[in-house]
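J.: Residue strings, one per chain:
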Amino acid sequence: MDLATLLPFIVNVIVGGLVLGFVYAIIALGYTMVYGVLQLINFAHSEVFVTGAVVGFEVFRVLAPNPMNGYLKLLIALVAAMIVSGLLNVLIERLAYRPLRNAPKLVPLITALGVSLILQDVLRIIEGFQGRFDLTYTLPPGFAGRFCAAESSCAGLGNFLRTIGVDLQLKDVILIVVSLLSLAVLNYLVNRTRLGKAIRAVAQDRVTAGLMGIDANRMISATFLIGGALGGISGVLFGMKFGTVNAYSGFDPGIISFTAAVLGGIGSIPGAVLGGLVLGVIQNLIGVTNVFGGLLGIANLEAIDASYQRIGAFIVLVLILIFKPTGLLGKSNVEKV
Amino acid sequence: MKKTALSLSVLAALALGGASAQTTIKLATLSPLSGGQSDLGTQIRNGAQIAVNEYKAQFQQLGLTLQLAPYDDQADPATGTAQARKIASDRSILAVVGTLNSGVAIPSSAALQPSRVALVSPANTANQVTDRGLSNMNRIVARDDAQGPAGANFITGTLKASKVYIINDKTAYGEGLAREVEKALKAKNIQVVGNEGTEEKSDFSSIVAKIRLQRPDAIYFGGIYNQVGVFIKQLREAGITTPVVGGDGLDSSELATIAGAGANNIYFTTVAAPIEALPAARTFAANYQKTFNDTAQGFGAFGYDAAKVALQGILAAAKANGNKAPTRQQVEAAIRKGSFTGLLSGNVSFNSVGDRRSATLYVMNVEGGKYKLATSVPVRPTRQ
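Here the protein sequences come in this chain order: A and B.
Under my numbering, the first residue of the first sequence carries the number 2, and numbering increases by one thereafter.
Under my numbering, the first residue of the second sequence carries the number 45, and numbering increases by one thereafter.
Accuracy of the hints is not assured; some may be wrong.
To be verified - Sample of chain B residues facing chain A (criterion: CB under 10 Å; computed from the structure): (1) 120; (2) 227; (3) 238; (4) 252.
Treat the hints as calculated values from the structure; they're not laboratory data.
Glycine included, each C-beta is placed from N, C-alpha and C at the ideal position.
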């Protein structure tokens, strides 16, 4: 196998990993936001995210016969998923976490797991009543098509990508653009607005922030609303990218995204994004290790096939936790006396 | 008023007395009724239900009330084994139709063996299912060492492929099937580019990239429709039109739904015949439609056949037992030694380990989301 065929392959594996990484990154933001404010790992976030995916499926399904513009459909799906998932997350906080705010840390963790299981079955019942289990997205025509397939329709970056052999679908590009946009909005919200300032104040010290006149409960609700809305966006993107979701689809991406948040430094927004991207790329690279093993003639590498791609992510996590326990971008938490 | 109350209570007492004279016996089904494979598991239960409905009258004549007891194994070996223990403890259950997954059948049949509950499997193809030689485990479908070579023959004969990429789902079923296919392909000197496993359910981007690099002429995927469907969808969206071949795990109408616009150029070998390919199945299909308001599929027909084998076995054992309810051990022996007729898939008799003496494999083709019969192959196990 020569370099001319191998190079586009490697580029594609990395690009594919980055696309995947963006999905993980947006999910990881949901974990990291809540953790940053409450030091609580919201294990129900994986179901909040699946709820977004289900809402997205329903919107695309209902709008499928409608001849309206595909991007408009996507926008409706995203907004609907953001609203439903955001409100759901606020509700979860109000019912399952707030009453336990002063309980030992382990208690809300367990209710989080409980909420997660309840939501799985609720989702299954809702879709099951309509005779569905695997929800298959009906995307607007063209979304699954190739990005820049024909030379004439390409310009600038698209053309450049095409020449180096990157093979993307339109929906991959949409996914990256939506992720970057949500990131920019989140960044603005947290760092440039009064709301963001108040949330950061509560995250730093809830009691003192309260003394300064900040309603901590409202800020916590706002955090859950934002985290849930991000979950909704990631759900729709996930459904779009992979084509099908079911009530139990949240577990795997949930656990990987949580890993991404820890890898990047839990509580850190850029860290969650970096963690997601790193894990996405690592996963895809491990998935193709056997090809390189075959080329180099190393039997041990050849034996590492796609079934190991998950484990790779967790090995990286363990290594990071050993050598840099705060994660890639996390700051060490100085105990205040 | 008082009079009616009195006569009602007399009637009730009579009815109760009548009921107690009847012995209730049950046929159980063990299949996934919830979770990702419930589509297939429900077909098995429904097929068995139709057989039970048909045989009720015959059992009634012997003073036996026949019931179906459906159990849900969620396609999970641990759940299946726990359910098997529950089945073993219900003394009125004389035989079991099940399971869907070989991974579930192997521990469940072992759990049922000490209490001698016979199983008639409508779906399990892994060699180990009967290779262990359990006295209670029988199946009416062909084995993997028949299904694997049939798939391989199809890849070389009909598809004329010379380079094949094999994927499996890391279960007893998928790995076993993939191993058999690889063995058969290598025997024909076909280049097998890889045999790799993946438990991934949503993201196949690294495998798709590898397939693009290796350019195989055919892909074999030993797995279940809900995973393979997503894979095919992503493969086709990446612009790869290579034929995908699989085993009976793909035999569900959900496959085409999940694969969507990519549901083309897919082939699978199946032990469950398409209803249209079974001449006797028309009445059954109509019955199924009427009873469950749903379309009968292959596994429904095999659930029906497996239940008929079990019920005919129980009847034979009851007759040998002086028209009384037989013991589990008598039923077990009657099923293994009997010869069963009037089935959709032809006549059945078992060899010493519980494999059907002759069976048929069908190769189905999915094109534009539509399923049609490509060809059929008769198979016989080496042991007779």
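J.: Does each hint fit the structure? Answer for all of them.
T.: Checked hints:
1. 120: violated (12 Å)
2. 227: violated (18 Å)
3. 238: holds (7 Å)
4. 252: holds (8 Å)
Consistency note: the structure conflicts with the earlier hints numbered 1 and 2.
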